[in-house]
Amino acid sequence: MMFPLWFLELIVVGGLTLCGVGAAALIVFWILDFKEKRIW
Amino acid sequence: MTIAEMGTEGISTVLIYSESVDAGRILSQEAGYGMLLLFGLAWIGLGIWWGRRATSYDGFAVAGRNVGLALGTATAVATWVTSNTTMLAPQFALQLGIWGALAYSTASFGLFAFAPLSGRIRRLMPHGYTAVEFVRRRYGRLGSVPFLIISLFYAMTWLISMAMAGGKLLNALSGIPYEVGMTVVLAVCVLYTLFGGMYAVIGTDFVQSIIILIGLVVVAIAVLLHVDIADVHHQLQDDRPMLLSVLFPAALMALFNNMLFGFGEIFHSNVWWSRAFAMREGVGPKAYLLGGLLWLPVPIVAGFLGLAAPALGIGVSQPDTVGPLVAATLLGTGGALLVFVVVFCSLASSIDSLLAATSDLVVNDIAEPLAKRITGSRASDAIKRRWSLFAIIGLGVVTWCAAYPNVGTLATVLFFAGPMVGSCIWPIIGGLYFRRSSPIAACASMVVGTSLGLVAYFAIGWFVASLIGAATSGVVFLIGMYLYPDDFDFRLLSDSPGTPQAGRGDDGGPIDPNGRGVMVGDIPKGGETR
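Going down the list, the sequences are from chains A and B.
The opening position of the first sequence corresponds to residue 1 in UniProt numbering, with each subsequent residue numbered one higher.
The opening position of the second sequence corresponds to residue 1 in UniProt numbering, with each subsequent residue numbered one higher.
Please keep in mind that the hints were generated in silico from the structure rather than gathered at the bench.
Keep in mind that a hint or two might mislead.
To be verified - Mimicking EDC-like on lysine to aspartate or glutamate, the simulated pairs with C-alpha atoms at most 20 angstroms apart in a straight line are:
hint: 1; chain 1: B; residue 1: Lys286; chain 2: A; residue 2: Asp33
hint: 2; chain 1: A; residue 1: Lys37; chain 2: B; residue 2: Asp495
hint: 3; chain 1: B; residue 1: Lys372; chain 2: B; residue 2: Glu281
hint: 4; chain 1: A; residue 1: Lys35; chain 2: B; residue 2: Glu281
To be verified - Coverage of chain A stretches by chain B, computed from C-beta distances (three or more under 8 angstroms per stretch; other residues unrestricted):
hint: 5; region: 5-12
hint: 6; region: 23-31
Each residue gets a CB set at the ideal place from its N, CA and C atoms; glycine is no exception.
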């Protein structure tokens, strides 16, 4: 029994999307913290 | 002619060249030295900049205990993305297939699981510095001695493997001699940690996590432009079907082993505890949860580079550099530079964290107790700050000496610590949540779990060592708790180590013969903080 193609596509494309969203989220969090002076 | 000029049709030629002549050299030495200089100066500069805040020992060791969500999340991601993630995950995928990439990603479960623990740690020990300090005050010397040995062994193993990875990476990509690359990477991290302590570590982690995530996305998309996922699947199906097998025994064992290794690493390591102490009240659980979510896809995306290697006909002479080799081979100089930056950030973000957290162990759990025994008084913040500097330099020197001979593969070095940290999972969970968890149970579970895990490591293989270490230590811990139950008062953890307390010596030191803090019954009892 083998992993189907759709599963490989799901984890690769899903992983890529999550990485991209993650980088954006970190920047958004930083901006929010900065505005509220809660970085440190 | 550069690889970019050759295009994808030239890959085979490049590989013949790289395997037979100069294993995987993609960048010129000049470019490699240039990148090293650029990023080395950048990290040191940022370290000095952020380090200006570290005016007290609390600032230097735990960044003032007020780190917000953005930096808290970023430091969890960056620290957990080691060069092993970007170099070993593709190796896992290359050797163990899809399960290999998935197995590596299960290490994120440790971050998820540590999220609630981090909140409890912060509440129970608002003035704490290290994980060993918790174990010492919770279990006494019986628990803290094996735990300190495991913590130091693991920290040094991780540090050495990171330093070795740095040397190997620079050598694989640009031909910079291993000894030179390893030395420069280590020296840069020592310098900026020395200047800025935890402020510098967490600050640079933020920048590094953004670079790692964006760099990985760019490299993976560029690889996908060269090779279709369907082609990768088709090629694997024809040539290496085991890599697609749902029932790949070694890979399945690696999955559970890696997950438990991750749990053990995070639960016991002061790298994560020091961050829990550093984050503002209430931030830790959210930051570790988000950090786990952001880290989860990294080994999968990196692992895809390893899976793509057979489809591209890429022969790999050194499996632990397959990721950088695939990206750099496909993307030419630009890809090589990007991979270089991503892996350099991965290295730096882990090495700096280890230097800072391990120096805290040396200062708070070795030097300070020894000094107190000799002089009879506690060390001042200024003295502890000075000790931290010596500790960071000392750790750098020891790491350099161990990494210089370049012995063993990354996986071997890394997984040797697996059963040891796996055996710490239950003593930590039990110690944080259950009053009945006792010193004898904790000590026996760590010793038995480590011993049997190491036997399994040598008798069977690395892929079962953590599993067996964690499983046996869990059983021993439960039996120990049943036979020798404790009745610990969690309030004893909340006071500052220097605060005199009823029932204690005036230096706040332990009075229990085992070296533990005050036992229940020594002070008026008023329930526990849970």
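For Lys37 (chain A) and Asp495 (chain B), compute the direct alpha-carbon distance and say whether it is at most 20 angstroms.
violated, 29 angstroms
Within 20 angstroms, alpha carbon to alpha carbon, are Lys372 (chain B) and Glu281 (chain B)?
Not satisfied, since the Cα-Cα distance of roughly 30 angstroms exceeds 20 angstroms.
Does the alpha-carbon distance linking Lys286 (chain B) and Asp33 (chain A) stay inside the 20 angstroms limit?
holds, 14 angstroms
Can you take a look at whether the region 5-12 of chain A is actually covered by chain B? Rule is 3+ residues, C-beta closer than 8 angstroms.
holds (count 6)
Verify this for me: three or more residues of the region 23-31 of chain A with a beta carbon less than 8 angstroms from a beta carbon of chain B.
This one holds; 6 residues, not fewer than the three required, reach chain B with a Cβ under 8 angstroms.
Check whether the Cα positions of Lys35 (chain A) and Glu281 (chain B) lie no farther apart than 20 angstroms.
It holds: about 19 angstroms lies between the C-alpha atoms, which stays within 20 angstroms.
Consistency with the previously given hints fails for numbers 2 and 3, ordered from lowest to highest.
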